[in-house]
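Asker: From first to last, the protein sequence lines are chains A and B. All the letters of the first sequence, read from the start, carry residue numbers 1 to 425 under UniProt numbering. All the letters of the second sequence, read from the start, carry residue numbers 1 to 164 under UniProt numbering.
Fair warning: there could be bad hints in the mix.
Below 27 Å or equal to it, Euclidean Cα-Cα: the simulated DSSO-like pairs (lysine-lysine) are [as the list claims (entries may be wrong)]:
1) A:172 x A:219
2) B:77 x A:219
3) A:58 x A:219
4) A:58 x B:77
5) A:188 x A:99
6) B:77 x B:119
7) A:44 x A:180
8) A:172 x A:188
9) B:119 x A:172
Here are some of the chain B residues that sit facing chain A, going by a computed Cβ distance under 7 Å [to be verified]:
10) 55
11) 59
12) 61
13) 67
14) 71
15) 75
16) 81
17) 82
18) 83
19) 123
20) 158
21) 159
Heads up, incomplete: computed chain A residues facing chain B, CB under 8 Å, no partners named [claimed, not checked]:
22) 186
23) 190
24) 195
25) 196
26) 329
27) 341
28) 343
29) 346
30) 352
31) 368
Just so you know, these hints were derived from the structure itself, not from any lab. We treat Cβ as the ideally placed atom computed from N, Cα and C, and that holds for glycine.
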Amino acid sequence: MGTLPSDAASVPDYGSLVREDRVHTSLYRDPALFEAEMERIFTKTWVWVAHASELPGKNSFKTAHVGRQPVIVTRDRAGQVHVLLNRCRHRAASVCEQKKGKASVFVCPYHGWSYDVDGRLRAVPHAAGYAQDFDKADYPLVALRTEEYNGLIFATFNPDVEPLADYLGPAKKWIDLFMKQGAGFGVKAAGEHRFRFRGNWKIQLENTTDAYHFPIVHKSFLTSLDDETEELFDVLGQGGWIEDLGNGHSVMVMIPDLVDLEENLDAPIPERFQALADELAAEGHSDEQVRRIVRAVGGTGFNLNLFPNVACSMAFFRVLRPVSVTETEISHIALAMDGGPEAGNRMRLRLHEHFQGPMGFGSPDDAEGWERVQRGAAAGEDLWILVNRGTDPLTGHGAGDNVGDVSAETGMRAAYAMWKRMMTA
Amino acid sequence: MSLETDGAAIDLHEAIAFIWREAEMLDRCAYAPWLALWSAAGRYVIPIDRGTTDYAGTLNVAYDDQAMREARVKRLKSGFSMSSAPPARTVRTVSRFVETAAEAGAIELDAAMLLVEYKYETTRLLAADLNYRIVRANGGLALDRKVIRLINSDDALHGIGYLL
Ligand code: FES
Ligand SMILES: [Fe+2]
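Extracted from the complex, chain B is given alone in its bound form (with noise of 0.2 Å):
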């Protein structure tokens, strides 16, 4: 994924400092600005198959462009959703940073997410390898890919009502 950006070196600090920002929008569900954080061509990817990067090509939880982020957010918060009318409350971390790549403007990297999620008397956990591309753009940070690697994404999952 090619992309224009400002040019000046991203420190890994401030990558982290960003990605924990995001996370705790998610948790707030926070939504719409979250939405704002997204360069206009980044992808928010959640694939089936752990080993796969074809992921056009295969089936995913979600693959999303711009657009379908849009109209996930505005489903989620449209109150006529039951699943996530209220969503399950999630409190997550994100940990184990590698930085993977860097070029001017751009930084990728990998992480890991344990999320605990509650709603209806039962708690559950989730964990997730991430892989990010978090690019220089307008003057701040944009995120240019998420891809959410959840460790049993190929076993039974439960509905997830909220954003991972």
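So that you can see chain A by itself, here it is in the shape it has in the complex (with noise of 0.2 Å):
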């Protein structure tokens, strides 16, 4: 284990292993920095749990995690979202094992006890048997502060913090430029894949903004496209930039065509959406819809780093969650649009299933990629990871002064920086 610079009677000097441009080793690998980030982070901040077209309508919920923690996200009778620790208030029986669904109560399977999809505790078998004074309103399922913007659900252990719109600042302009790949439909999660790998999950939340690796690592992924998608794909060489939004978010613009996707509608279509758009034409879309849903259909340009546990990446979300020091879960939530027609979202299916995924031509190269970082910070404990790319502003730059290439660590040391925040807090 990497040594912490503390003495046994003190707090440890997080702080003092985040730099500017590099931070230390132990942040992958020490197993007491990783409960205190569980802490520190996880239960102090709001962290991503569904996308509202995961619960459809009233009495509708799924299961999620905050941090460590099992979570039901629910949509009550009148509409509001709750998001409820998932253990029952007798003995802490979990409530709830399915993935999603409907339910109007959740009973507990062990003694019975039953609770509103609001939490609140309905009722107790053989209720006789408790004292005079049991109040029932004193056991509801335990409820966190849960807020949303534009579709995205989160919440928090934290009573205290900023109200999430504050929370995201800068960021809420590119959540809502991130939605536009709807067409006018809206956003509508299409299923997920899950997949782990064993390494810390920092370096998954690195990943999201790290361009670099993309032509080394996804050599494999762009020899499968046509020449025009490839070149499309070349994401270090369109003038693409970083931004630090500040809170530890960030957006690497990889393709600055598709920033805005209601912009360049009369655009000529790309070659491998002709067959789609001849589809769409002949199901009686206009050519104005068409038009707007086939420069959606393959998403945005753009990821858009969320600290600490989501990313809206180009298409689709990306969610982690921190299982132990070495290992990390990731879910890749496909997007549809909510009621568009469905040769495009079959088509968003088909890119989706081409990258990601287990036996994606993508991720499985980036799972093997984070499992290389973790084995490979076995050796040199001492040492330091290196967030030192583009450290310099560039300059004359279109969307503004204060943006890096796109190959630049600034989304990674933005991140660093807020978590240096937090954890000396």
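Reassemble the complex: the two chains are provided individually, in unrelated frames, and hints are given to aid placement.
Answerer: Set out below in structure tokens:
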């Protein structure tokens, strides 16, 4: 284990492990530091739990995690969303073991306590066995503070944290741009690939803002594309940029042409989408509608990294869940047009399958790379992880004075600055 | 899925021998001959939802027509994919065969697969229900459908740098 600069009696000096341009290897390796992260980050800030479309209508639910703690995300009869610890208040049994579904009540399987979808304890069997002063109102499922921005639902254990909208800050603009891929229909979750890798969660957090690896790690994906699309995915060669958005968030623009999907609607239809365009036109969609759908069908040209656990990544949501200091679970949630034409949504599913998932043409190589980072970090416990690429901002870039080259490690530095702020608060 | 076939019925034992040859090829990563086992319209499917047969309308781990199979094999053999260069070693058995349908020149069967993979000091077990459609074509047998329903397809998997 890496040794922390601390003495037994005091709190370790986490701040010394993150410098402007490098972070200490113990961030990937130290189990005690991982425990501190769960406490100081995952119980203290907003953690993404669901997209609104995963709760379609009243009495719908999904299960998720906030840090390592299992929760149920529910929508009640009035449409309000609740995030509840998935733990019976009697003797702790989990009250729900389904991934998603519909329920008007959650009945604990052990002794039958039943809870409303807003968490209230509705009834306990054989209630006469409890003392006179036993009050059901004292034992609801524990509720987290829950807020939503443009369909993204976050929860927190921290009653004092700033409102979600303030926490997201300038990232809100990018969330709005990301959602334009609904092509006027709205965005809907359409299935997910879940996989685990044997490595620390921050390796994945870094990767979402790492354009530098793309042409190397994803060479076999790139060569599987037609020439026009391969050019599109030349992510380092199109004048892209990366920007620190504050609070650990960042945006990395790889394909500047695909920042705003409502612009350039009269651009020529890419060859790979011509058959789709023809099919949509044959179904009777107007030329304008066809162009709007086709332009949005491949997703946006950027990754928006939201600290600490979610990214709006080109065409899908990327969600990370820390399992242990050396294990992380990832969900890649595919997106479709909510109520949009099936042909377009099928195309979106096929594009997602092409890159993502345990047998996609991209994700397994990412996962292998991240495991290699963890394996390599077993050596050199006093060495540092470098995040010093592209520290100087670009001069005269159209996106502003505050942006770096797309391959700069600006997003990682932004995330680690937030890590340091939270770990030393 | 309908197709033109060469007529003569396929015996269960003939189909099983064919499936075992396929399994052995896959364990050897002999992907070029594996591609040649397929009918042109054949589909190689690894669904996420074990209950679905609407593969086109749902998200899968793999949903390959011939072009996608060829692209997949090219990628696995390219040497540029770090998850498959080298791939995990695998040993698989396919058994518990049940014939579910038969017609002239075609047979459908269900089976069970147990696969052990090994890489980086880690050994993992994967289990799957398989569904095959095998047809008689060009004087031999051809895969016309293979559906691999992993026992944990809707849970977290690990990267799979080889073919199931
Ligand atoms: S543990 Fe839930 S009712 Fe007893
Ligand atoms: Fe990647």
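Asker: All hints are to be evaluated individually against the structure, with a verdict given for each.
Answerer: Structure-based check of all given hints:
1. A:172 x A:219: violated (32 Å)
2. B:77 x A:219: It holds: about 13 Å lies between the C-alpha atoms, which stays within 27 Å.
3. A:58 x A:219: violated (45 Å)
4. A:58 x B:77: Violated: residue 58 (chain A) and residue 77 (chain B) sit about 49 Å apart, past 27 Å.
5. A:188 x A:99: holds (17 Å)
6. B:77 x B:119: holds (17 Å)
7. A:44 x A:180: violated (31 Å)
8. A:172 x A:188: holds (18 Å)
9. B:119 x A:172: violated (42 Å)
10. 55: violated (10 Å)
11. 59: Hint on residue 59 (chain B): holds, closest Cβ of chain A at ~3 Å, below 7 Å.
12. 61: Constraint on residue 61 (chain B) satisfied, holds at 5 Å.
13. 67: violated (10 Å)
14. 71: OK, holds: residue 71 (chain B) within 7 Å of chain A, min 5 Å.
15. 75: Result: holds, 4 Å to nearest chain A Cβ.
16. 81: holds (4 Å)
17. 82: Where the cut-off is 7 Å and the nearest Cβ of chain A is about 5 Å from residue 82 (chain B), the hint holds.
18. 83: Given a least distance of 4 Å, the restraint on residue 83 (chain B) holds.
19. 123: Violated, because the Cβ-Cβ distance from residue 123 (chain B) to chain A comes to roughly 14 Å (cut-off 7 Å).
20. 158: holds (6 Å)
21. 159: Hint on residue 159 (chain B): holds, closest Cβ of chain A at ~3 Å, below 7 Å.
22. 186: Where the cut-off is 8 Å and the nearest Cβ of chain B is about 18 Å from residue 186 (chain A), the hint is violated.
23. 190: Because about 6 Å separates residue 190 (chain A) from the closest Cβ in chain B, which is inside the 8 Å limit, the hint holds.
24. 195: holds (5 Å)
25. 196: holds (5 Å)
26. 329: Holds - the Cβ of residue 329 (chain A) comes within 8 Å of chain B, reaching about 5 Å at its closest.
27. 341: Result: violated, 12 Å to nearest chain B Cβ.
28. 343: violated (10 Å)
29. 346: holds (6 Å)
30. 352: Since chain B brings a Cβ to about 6 Å from residue 352 (chain A), closer than 8 Å, the hint holds.
31. 368: OK, holds: residue 368 (chain A) within 8 Å of chain B, min 4 Å.
The structure fails hints 1, 3, 4, 7, 9, 10, 13, 19, 22, 27, 28 (numbered hints given earlier, in ascending order).
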